[in-house]
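Once you have looked at the hints, place chain B on chain A.
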Amino acid sequence: MKDTIKKKLAIIGTVGLPANYGGFETLAERLVENLASQYDMTVYCTTHNVPKEKRIKKYKRASLKYIPFKANGAQSIPYDTLSILHALFFADVLLILGVSGAWILPFVKLFTNKKIIISIDGIEWKRNKWSLPAKWYLWWAEKIAVKYSHFDISDNESIQDYTAMKYGSLSNVIEYGADHTLEVEPTQKDIEKYPFLTRPYAFKVCRIEPENHVHLILEVFARYPNKPFVMVGNWKNSQYGEKLKIEYNQYEHIHLLDPIYDQRGLDLLRGNASLYVHGHSAGGTNPSLVEAMYLGLPIVSYGVSYNRTTTEGKAKYFKNAKELEQVLTSTDSTDWFEIGKTMKNIAMRRYIWSVIADKYNHLIMQTFEVGYKSSVRPITTYLDYGDLKNVQAAHLANQNLFFEN
Amino acid sequence: MEFNYILTFSLSLILMFFIVPFMRQIAKRFKLVDQPDNIRKKHGKAIPLVGGISIMIVLLLVFFLQIFLFDQFSKNYISLLFGSLILLVTGVIDDKIEIHPYYKLIVQFICAYTIVASGFIGISFYNALGLGFLPVSIQYALLVLFVVGAINAYNLMDGIDGLVGNLFLINFTITAMISFIFDINSILIVSLGVLGAILGFLKYNFSKKKKIFLGDGGTLFLGFITVVININLIEQSLIANTNSLTIFLGLTAVMILPIYDALRVFYRRIRKGNSPFFPDRTHIHHVFLDIVPSVKKVNVMIITIVLMILGVATLCSSIFQFVLITSILLFLLQLFINMNLAIEEDKQIIQMIEQKFLY
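Just so you know, the protein sequences line up as chains A and B, in that order. As numbered in this note's numbering, residues 1 to 405 make up the first sequence, in order. As numbered in this note's numbering, residues 1 to 359 make up the second sequence, in order.
The shape of chain A in the complex, shown without the other chains (with noise of 0.2 Å):
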C-alpha cells in the first residue's frame, strides 16, 4: 500500500537549529526528534553568524531554510515575513513561535487555507526589556496573533486565563519539556574549576534583569556567608550587571559566573545543587525553571501566579527579600528534599518533551477538523434569554467562566 502522504509543517521564528540556546529552538529541535516520523518539516534558520560552509540543508530529518535576518531583535519582523510567505508555497501548517511576523496573518487567512498556530510566548509586550515602540508593536501583533490564528499556544494557565478575560478565547497550554538535561557527576577536573561543588550550593541561572529579582536575591545570600550561592548569568549585558558583579564578587560565599552555553557544563551546576532560586517575575512558564524541577532541585521561587502555576504551588515561595529569608533560615533540610521529589514528580508528569511534543501533534491535527476558534463563552450564553426560560434552562445564560475564579 501507498504511504499516506505526510503533511508539511514548516516552524517558523527560531534562530534554527541545531539548538544552541533558548526555549524556542531546544522546542524546535525537540518537535523535530519527536515528530519527523508524522510531519515533513521544515524549520527555518537565521543566516546571522552562521557561515555558509556551515548552513547545513537537513537536521535530524528536518529541511532547514536560512533567511538573512536576525531572528531578534527588530530583524524579527523581515524574519519571521519573510519565513511566512517562504512557508505558504509548501506548506499546510505554520507553526510561529513568537508574535513578530503577526501583522501578515490577516493575509494569510483571507488569501490562502493554510492553517496557523501561533505561540504567544509570555505577554512579550510587557517585558522591560523593550523600548516602547517595541512594546507598542508587540502589543498590537498578540492580537493580531490571537486573532488571526487557527491556534494559539500560551504556556502557562495563567496567560491562559489572561487571553481568554482579554480576547475572549481559549489559548492551548502548551509548557516546555525538561528532559533534555542531564544528571552529571562532576569529575576531578570539574572540583578543580568549580571548588564550591564539594559543598552543598543553591543555584539560579537567568539573565540579568530587575525583572528576575537578581538584586534581591544576592542581597539576601550576602548575609549568610554559610549559605554558598552560585549564580550564572550575563553580567557584562547591562550596566544593572556590571555594578551588581563589582559589588558582590567581593562576598567568598557568593560565586557569579558569566553565561555557560553548553548543556553538560550548566547541568554540572545546576543539577548538583542543594536548592534552585528562580527569580522571574514575567513571562509565564520559564524553561529554566522547568528544567530545575526535572533535575528534582528544591525550588524558591518569586511568588507571582506563573511560577505557582508551574510548580503546582508546592515550592516555596517569596515576595520580597524578608520572605526570601525566611524560607532560607526556616525550612529544614526534610522539607527542602520533599519538595525537590514533589518537583521532579511534576517534571516527570508535565514537562517530558514527548508530552510536549504530543500535545503540539494534538493541535496539529485539530487544525485540519476544526474551522474556527473556540469562544471561552459556552454558545448557551449567546441564546436568548426568554427562549431558554422557556425551556427551563434560564441557568445556563450565566456560567462562572474558569478565569472567573
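No lab work stands behind these hints: they were computed from the structure. Hints may contain errors.
These stretches of chain A come out as covered by chain B in the derived footprint (C-beta under 8 Å, 3 or more residues) [unchecked claim]:
(1) 136–144
(2) 161–175
(3) 304–314
Straight-line Cα separation of at most 20 Å, EDC-like style, residue types lysine to aspartate or glutamate; simulated pairs [stated by the list, open to error]:
(4) A/Lys126 with B/Asp290
(5) A/Lys166 with B/Asp346
(6) A/Lys189 with A/Asp258
(7) A/Lys135 with B/Asp346
(8) A/Lys359 with A/Glu53
With the C-beta cut set under 10 Å, the calculated list includes, among others, these residues of chain B facing chain A [what the hints assert, rightly or not]:
(9) Phe266
(10) Arg268
(11) Leu329
(12) Ala342
(13) Glu345
Idealized CB from N, CA, C, for every residue including glycine.
Leaving out everything else, chain B in the frame of chain A:
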C-alpha cells in the same frame, strides 16, 4: 501706543510676583488648597488654588488702569468682565466646597448667554462654515452651546502643571499677533494683559516650593475669555475681509485639541455607562504621562500637537482642506490614545492575574 502695550504686558507680569505670594498666604489661611486626597492626584502636598484669583486681580488692576488712563474698552466688555468674575467665583466656591457639576453648567450657560446677548460675539461666521441656512435662533443656541463646551474643555485640560497655562499662552500670543497686525486695540490689550499674567502664573505653577494651581475658577474664566476673544476676532476679520480664512482656521486650530479631548473622553465614559464627568485617567495628558512619566515632556508633546494643527491651519487654502488634514491627524491621535488606554487596561488585567494563585 506701543508704550501702552509694553506697559500692559510688563505690569501684568510684575504684579503677579506681588499678588501671588500674598494670595498663597491667604489660601493657606482659608484652606483654599488642592489636597492630594486620591490616587489620581500626583502632587504630594496641598497646593494653593490661587492662580485664577491672582490673574483676575492683576487683570482688573491693569484694565482699570487702561480705562482710567486711555479710556480703553467699549461697554460690551462689561459682559466679558462680569461673565469672567461670575465664573471665577463659581470656580473658587467649587474648589472650596465642591458644587454639583450641573450647577456649574447652569452658571456657564448664563454667562455664555449674556455674552452672546450683549453682542460681544455673534453668528456672522456661520456663513463661512456653510451653516448660514440654519434658523437664527438655532445658530445662537449652538453658539451658546459651543461657548459652554469650550469652557469645560479647557477646565478638563487642567490636569498637569503648566498644560492649560501653555495652551492659553499660545492662544493669546496668536490673538495678540492678529490684533496687532489688524490694529484691534482692545483685544490686543486684553491679550497682552492675559499673556503677562499667564507667564507670571507659569513661573509659580512649575515651581517646586511655591507652586500654585489655576483652580477651577481660573480655568473657567480664562477658558471663557479665550473662546469669546477668539470668536470676536474671527468676526472682526470676516468684517475686514482680510486674511479671514487664515485667522479663522488659526483661531479654530488653537481651540481644537481641548475640545477634541473633552468630546473623546465624554464619549468614552458614556459608552462605558458612566457619567461624562466620571473621574478617571483617560485624558490626553494622562495617557501621555503613562507613556512618558515627565510632566515637562508631556507638556512639550501636547503643545507640539497644537502647534502642528496650527501649522496645518496656516498652510491650508480652504476650510475643507483644513478639516480633512486635521481629521486625519486627530484620527491617528485617537488610534494612538486608544491603543495606550487599552494597554493600561491590559496591564491591570495582568496585575490581577499575577496576584491570583490557581494553586
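task = Please flag the earlier hints that this structure goes against, numbers listed from lowest up.
result = The structure conflicts with hints 8, 9, 10, 11, although it agrees with all the remaining ones.
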